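Trainee: Put together the whole structure using the sequences plus the hints.
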Amino acid sequence: MEKFTSRLKELRKEKKITQKELADSLGLAQSTIANYEQGIRFPDNVMIKKLADYFSVSLDYLLKRTEVREIVLTKKNYEFINKLDDLEYKNIISKKYLDELIKGDKKAARDLIIDAFKGGLDIQGIYFDILEPALKEVGFLWEKHIVDIWNEHYITDTTIEIMNEIKNLNRKPHNVNYSIILASPGGEMHNVGLKMISDILEIEGFRVIYLGSNIPTQSIINVIEVEIPDLIAFSVTMHYHLDSAKMAIAAVKNNFKNIKILVGGGAFKNEEEAWKYVGADYYYENGRDVIEILKKEFSK
137 MEKFTSRLKE LRKEKKITQK ELADSLGLAQ STIANYEQGI RFPDNVMIKK LADYFSVSLD
197 YLLKRTEVRE IVLTKKNYEF INKLDDLEYK NIISKKYLDE LIKGDKKAAR DLIIDAFKGG
257 LDIQGIYFDI LEPALKEVGF LWEKHIVDIW NEHYITDTTI EIMNEIKNLN RKPHNVNYSI
317 ILASPGGEMH NVGLKMISDI LEIEGFRVIY LGSNIPTQSI INVIEVEIPD LIAFSVTMHY
377 HLDSAKMAIA AVKNNFKNIK ILVGGGAFKN EEEAWKYVGA DYYYENGRDV IEILKKEFSK
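Quick note, the sequence shown lines up with residues 137 to 436 if you use our numbering.
Some hints here could point you the wrong way.
Straight-line Cα separation of at most 20 Å, EDC-like style, residue types lysine to aspartate or glutamate; simulated pairs [unchecked claim]:
no.	residue 1	residue 2
1	432	366
2	243	196
3	331	301
4	226	265
5	200	138
6	200	268
7	186	196
8	303	258
9	254	180
10	186	173
11	405	366
12	431	340
13	231	251
14	243	297
15	389	433
16	280	297
17	185	138
18	272	224
19	231	203
20	280	235
Read the hints as simulated data drawn from the structure, not as lab findings. Note that the structure is a prediction, hence the values are computed from the model and not measured.
Mentor: The following block contains the structure:
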């Protein structure tokens, strides 16, 4: 973020124009340019490219990742470079989002995400490339005693509020003839990642029964009898809840023969065979994996 702000000031002064002149050229308010240069706001992906075009520099140069002012884009490498820029943009937004929330500025964090969404970033990019990495980072900071537990709870709750706002802007009718139950088994209290997947699947048109965290095995059996889902996705964050997931999955398979079961979450990431240990049919690493698994399963 600091690299971008310093580069923008440098380019503007080199061109000998005021903030207002730059703003007028881009159809912005002078205060917006001032906010960019002070690091209060970060432009969306479209505006970053407009700024690069205006100053006739590469995106890498504008973001101060290189001192080479221009790059020649061939048809062959254009898509790769564009994706790299997009990932870098999301990474900057994610870090800025977390910084604002650690400072306690909920409004600034919310505006950052909503601006990115309105600027054209899709909901999957916001959830999985911005919000999810920020939550993982604050969890790491808490484990290292750099932030307090209240910071972690505050950031998590704020993120859920923002997710709800974005989801409401994306509401679509159910148009997929399949249903899925999402839950964390008994004892497992982490559920934000699962909620992200729930939102995405709803937007994709699936009928989603989102149960949340710490669901007893018998309750899972009861809801299956009522809802008759096609699939169930369990999320397990803590390794010591794997046995709880195993017990729930065994109960489901003993009572229902045709329901496929997916598992994911932090507890499986460093244990290659853990998903097989709990008896699942599929392992998902992230929300995008769930969508691909569903497409594969329902195309049979």
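Trainee: Against this structure, judge whether each hint is valid.
Mentor: Verification of the supplied hints:
For the proposed pair residue 432 and residue 366, the alpha carbon gap of about 13 Å is at most 20 Å, so the pair holds. Only pairs whose Cα atoms come within 20 Å are accepted, and residue 243 paired with residue 196 is rejected, the gap being roughly 29 Å. As the CA atoms of residue 331 and residue 301 are separated by approximately 13 Å, the hinted pair is consistent with the 20 Å bound. The hinted pair formed by residue 226 and residue 265 meets the criterion: a straight-line CA distance of about 6 Å does not exceed 20 Å.
Note on residue 200 and residue 138: the hinted pairing holds, with a Cα-Cα distance of about 9 Å set against a maximum of 20 Å. Annotation: proposed proximity of residue 200 to residue 268 is violated, straight-line Cα distance about 25 Å (limit 20 Å). Pair hint residue 186 plus residue 196 holds up; C-alpha atoms about 13 Å apart against a cutoff of 20 Å. With a CA separation close to 11 Å, the supplied pair residue 303 and residue 258 stays within the 20 Å bound.
At roughly 9 Å between alpha-carbon atoms, residue 254 and residue 180 fall within 20 Å of each other, so this suggested pair holds. With a C-alpha separation of about 16 Å, the suggested pair residue 186 and residue 173 falls inside the 20 Å cut-off, and the hint holds. At most 20 Å may separate the alpha-carbon atoms for a hinted pair to count; residue 405 and residue 366 exceed this at roughly 25 Å. Proximity of residue 431 to residue 340 is assessed by CA-CA distance (about 11 Å); at most 20 Å being required, the pair is judged to hold.
The suggested pairing of residue 231 with residue 251 holds, with an alpha-carbon distance near 15 Å, which does not exceed 20 Å. Straight-line distance between C-alpha atoms of residue 243 and residue 297 comes to about 12 Å, which keeps the hinted pair within the 20 Å bound. Distance hint between residue 389 and residue 433 is fulfilled; the C-alpha atoms sit about 17 Å from each other, no more than 20 Å. Pair hint residue 280 plus residue 297 does not hold up; C-alpha atoms about 26 Å apart against a cutoff of 20 Å.
Of the supplied pair hints, the one linking residue 185 and residue 138 holds, its CA atoms being roughly 18 Å apart against a limit of 20 Å. Between residue 272 and residue 224, the direct Cα distance comes to roughly 17 Å. Compliance with the 20 Å bound is thereby established for this hinted pair. For the hint pairing residue 231 with residue 203, the CA-to-CA distance comes to about 23 Å; that exceeds 20 Å, so the pair is violated. Proximity of residue 280 to residue 235 is assessed by CA-CA distance (about 17 Å); at most 20 Å being required, the pair is judged to hold.
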